[in-house]
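There are 2 protein chains.
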Amino acid sequence: MHICIDKAHAMPAYRQLYSQIAAAIASGELGAGAMLPAIRVMAKDLGVARNTVEAAYKQLALEGYAKGQRGIGYIVEDLDFSVLEDEPSLPDERALIEQSESARNREPLGGARGCSFDFCYGDRHPTMLPLSVLRSLADAALSGSASADAVRYIDPFGLYGLRDQIARYLHSTRGIRCVPEQIILQPGTQVALRNIVSIFPAEERIVAMEEPGYDAARYAFMCAQCALRPIPVHEGEKAFLDALLASDAHLAMVTPSNQFPLGFIMSLSARLKLVEWAKESGSYIIEDDYCCEYRYRSSPSPALRSIDPQRTIYLGTMSKILSPAMRISYIVLPAELLARWNAAHSGDYCSLAWLDQEILRSFMASSAWSRYIHTTKSLYQRHHDRLVRCLERELGDRVRIFGADAGLHLLVEDVDGRSQDELMRLALEKDVRVYPTDQYWASSSHPMDSMVLMGFSGIAAESIGEGVRRLARAWG
Amino acid sequence: MHICIDKAHAMPAYRQLYSQIAAAIASGELGAGAMLPAIRVMAKDLGVARNTVEAAYKQLALEGYAKGQRGIGYIVEDLDFSVLEDEPSLPDERALIEQSESARNREPLGGARGCSFDFCYGDRHPTMLPLSVLRSLADAALSGSASADAVRYIDPFGLYGLRDQIARYLHSTRGIRCVPEQIILQPGTQVALRNIVSIFPAEERIVAMEEPGYDAARYAFMCAQCALRPIPVHEGEKAFLDALLASDAHLAMVTPSNQFPLGFIMSLSARLKLVEWAKESGSYIIEDDYCCEYRYRSSPSPALRSIDPQRTIYLGTMSKILSPAMRISYIVLPAELLARWNAAHSGDYCSLAWLDQEILRSFMASSAWSRYIHTTKSLYQRHHDRLVRCLERELGDRVRIFGADAGLHLLVEDVDGRSQDELMRLALEKDVRVYPTDQYWASSSHPMDSMVLMGFSGIAAESIGEGVRRLARAWG
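Residue numbers (our numbering), protein chains in the order written: chain A, 9 to 484; chain B, 9 to 484.
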């Protein structure tokens, strides 16, 4: 067995010796029962200290390559390496990995990179994040006394201080009365929905979903083995309520303050009927209030949760008001469901990192928060107004616009009835990206095929006009 | 209807007007079909601008309290508020909330607050986090060009740059060869385990768990509807392997480099047999390498994943090397499983916040990282050595020590065979907290009832000596 130790090498000498002997044993060069050279001899031969050799032998013994026997020395163990002979065939691995990557690169909700006029929905424009504020808050979080929490397990419900701020925020902005003990922080709406469903027995996991509705919610429900009941929202409130009452649903997932994606606002009488349905059928309403902050021609209507605190599970998110990269959503549970939650999630840890929670807590507790909300609202107001104005001017009555006056996107329908694929293709030819709406429908055949989504939160204000002009040329 | 507008009030006048009319409608004071006063009249009576009244009426119409009719005015809608009459009985709510809170306050894995000598396991001591480094990295993250990602949806697998750093780290420290495309970031080990299990068909969710083993893993498997097969680890490797081979398990969850909680290191021959079992039975091994960094008398043994990249699903975490409050764990998938993962998780978003990922990425890419690892290791080495020394000096042969020389905890067994509850109670009387081990056993009756856990990562070095002296008095 030839061993060489390179003392200049970064790897310590004992480690070099260990790995060369281990390799010799693995290769069979050193067979079962073979004696390793005596420590003093090996040390002399290699010109290293005895304890270097001893450390290498100890490591080999520790890992079971050899065993040391008092007075005799180290003897190679009887090991069967045959299992390792079929080496991983790397080219195949690479192929599998490449397949996986191409499979993963499906159309993102956020903007696909590399398009000059991208009316994406999920993403924000970089300039919209109050970076300097966040910097100073992060700095304070990692300096202050709060940082003691930075090394601890967090309350499974999330930082109490943040839940307290959210409770205050919901009261002042949405008229919701709740205490922090009812608020559970979650890393995104999808996870929240799965965790909500899991507190109900399997036979009650029948969910009424708005049709069209939020595809990621539908996905989450399907992952949680729910039976889904699509309830049409595009045929008016009466049709919606009739279908809901006729269904066997135990849960209804709704977006009353700004129906996604169509942008309707649910009327008060429909809200009251919805609550009545829940009370009489013993069902629960999941109110996804994902975008309540953005209302451009009126104040936001009160949350369903503020009308009915007992049957409404409220869902909020920081993705729209701050950033989807922050991954902070929250559930407001009716008090009567807390016991069920604890039973279903008794061993869960908090999935949210401490730093982001502490930054948000201190942000919401500061005067900068309300200023920020106000700035963001008026910023998106300008984007919204400009987009609507440009669409009317450039495309006039060649399109129908849905969902204006609220939220962060519009739906645009081509009066000539061209398919959304064609509309997107034509737009891309002019370096403009608009987005499909097919995925929001559970049924493959639906009446709004020639409708595309245009977000206005991820595009620079100055690009909106030119983007729409190009769209007009593309579709004209 | 009496209305008063307080112009000094923070709430805008139209909002005050709106809410008082809404309240009058809800109370029935203004019944269905009633006309709202003409805008000019109302404005004159209240001494406010017409558009103030108009805004209030529009909001009422928008929300469905009233409808506007050209040339006539605003008429109150026919609404049924009876559903709201059974008001939420707040005292009951409070009771439910208090019950829930007391149910949630079970013994945390991290240190319970308010005990002078707390040998907790999960938490770190505040001084151990490199706060100044993290501060500057957070500052850079929120300044630099990277911050463009701060407003976008993140790759569902996590930041590529961080996965790249982890791949390099695993190669240099654990001999693991993998590419970033095989690494999936997860908010904690529990979530990772659930997501791993969900890629296997229901009938294959039969999991061999080490007995005793990590209770949070057992919990995660149970939540994922797995059938569990406890495999004894305390009776030696042969018993372990025999039981595993005799079982019908399709997955084996193991901690080879530092068995949790007993601290054994799996020998090479056992590792080889384990891999052989997986290959022959077509099963997969989940290697939880939760604490590979901390080895005090030798180098860490190579990861199972480095021996077998095809059948081993590797699981790592930043909870031990950085902080459990960071919630960053990661999976290294065999290439063959990527397609299954994508099929099972096609619609998942990334659950980890961008900021923490970017901070960790830049930390691992910097020279500060290796310095930090080295400092932390030697720090815990000192804690470990001191604790062992003190236990031997103060308690001598009245206790047996398990799991020394590695990890962040020891197990201490009372030779007199007193129960762990009694040992903990006696310790608490001297203001010392040691932790139970019962929860690590699936079977209620097990042979190690008089064994308690003592962590040394959450306690100050200078408190260890006094803590153990008190323990000696408590148990003496």
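Simulated from the structure, these hints should not be mistaken for laboratory data. Some hints could be false.
If several chains are the same, the list does not tell them apart, and a pair holds so long as it fits within one copy or across any two.
Claimed, not checked - Calculated pairs, EDC-like style, for lysine to aspartate or glutamate (alpha carbon to alpha carbon, straight line, at most 20 Å): (1) Lys287 to Glu101; (2) Lys15 to Glu243; (3) Lys15 to Glu402; (4) Lys246 to Glu212; (5) Lys66 to Asp100; (6) Lys75 to Asp413; (7) Lys287 to Asp256; (8) Lys75 to Glu245; (9) Lys66 to Asp53; (10) Lys385 to Asp223; (11) Lys385 to Asp86; (12) Lys287 to Glu430; (13) Lys287 to Glu400; (14) Lys75 to Glu284; (15) Lys15 to Glu85; (16) Lys75 to Asp86; (17) Lys328 to Asp88; (18) Lys328 to Glu421; (19) Lys385 to Asp256; (20) Lys66 to Asp413; (21) Lys75 to Asp356; (22) Lys15 to Asp53; (23) Lys66 to Glu109; (24) Lys287 to Asp100.
Going down the list of hints, with the structure as the test:
no.	hint	in the structure
1	Lys287 to Glu101	between (55 Å within a copy, 17 Å between copies)
2	Lys15 to Glu243	neither (80 Å within a copy, 42 Å between copies)
3	Lys15 to Glu402	neither (75 Å within a copy, 43 Å between copies)
4	Lys246 to Glu212	neither (25 Å within a copy, 46 Å between copies)
5	Lys66 to Asp100	neither (38 Å within a copy, 65 Å between copies)
6	Lys75 to Asp413	between (77 Å within a copy, 19 Å between copies)
7	Lys287 to Asp256	within (14 Å within a copy, 47 Å between copies)
8	Lys75 to Glu245	between (78 Å within a copy, 16 Å between copies)
9	Lys66 to Asp53	within (19 Å within a copy, 95 Å between copies)
10	Lys385 to Asp223	neither (26 Å within a copy, 47 Å between copies)
11	Lys385 to Asp86	neither (72 Å within a copy, 34 Å between copies)
12	Lys287 to Glu430	neither (46 Å within a copy, 50 Å between copies)
13	Lys287 to Glu400	neither (44 Å within a copy, 65 Å between copies)
14	Lys75 to Glu284	neither (75 Å within a copy, 22 Å between copies)
15	Lys15 to Glu85	neither (29 Å within a copy, 90 Å between copies)
16	Lys75 to Asp86	within (10 Å within a copy, 89 Å between copies)
17	Lys328 to Asp88	neither (58 Å within a copy, 34 Å between copies)
18	Lys328 to Glu421	neither (24 Å within a copy, 53 Å between copies)
19	Lys385 to Asp256	neither (39 Å within a copy, 59 Å between copies)
20	Lys66 to Asp413	between (73 Å within a copy, 14 Å between copies)
21	Lys75 to Asp356	neither (43 Å within a copy, 48 Å between copies)
22	Lys15 to Asp53	within (14 Å within a copy, 96 Å between copies)
23	Lys66 to Glu109	neither (43 Å within a copy, 51 Å between copies)
24	Lys287 to Asp100	between (57 Å within a copy, 18 Å between copies)
Checked against the numbered hints above, the structure violates hints 2, 3, 4, 5, 10, 11, 12, 13, 14, 15, 17, 18, 19, 21 and 23; every other hint is satisfied.
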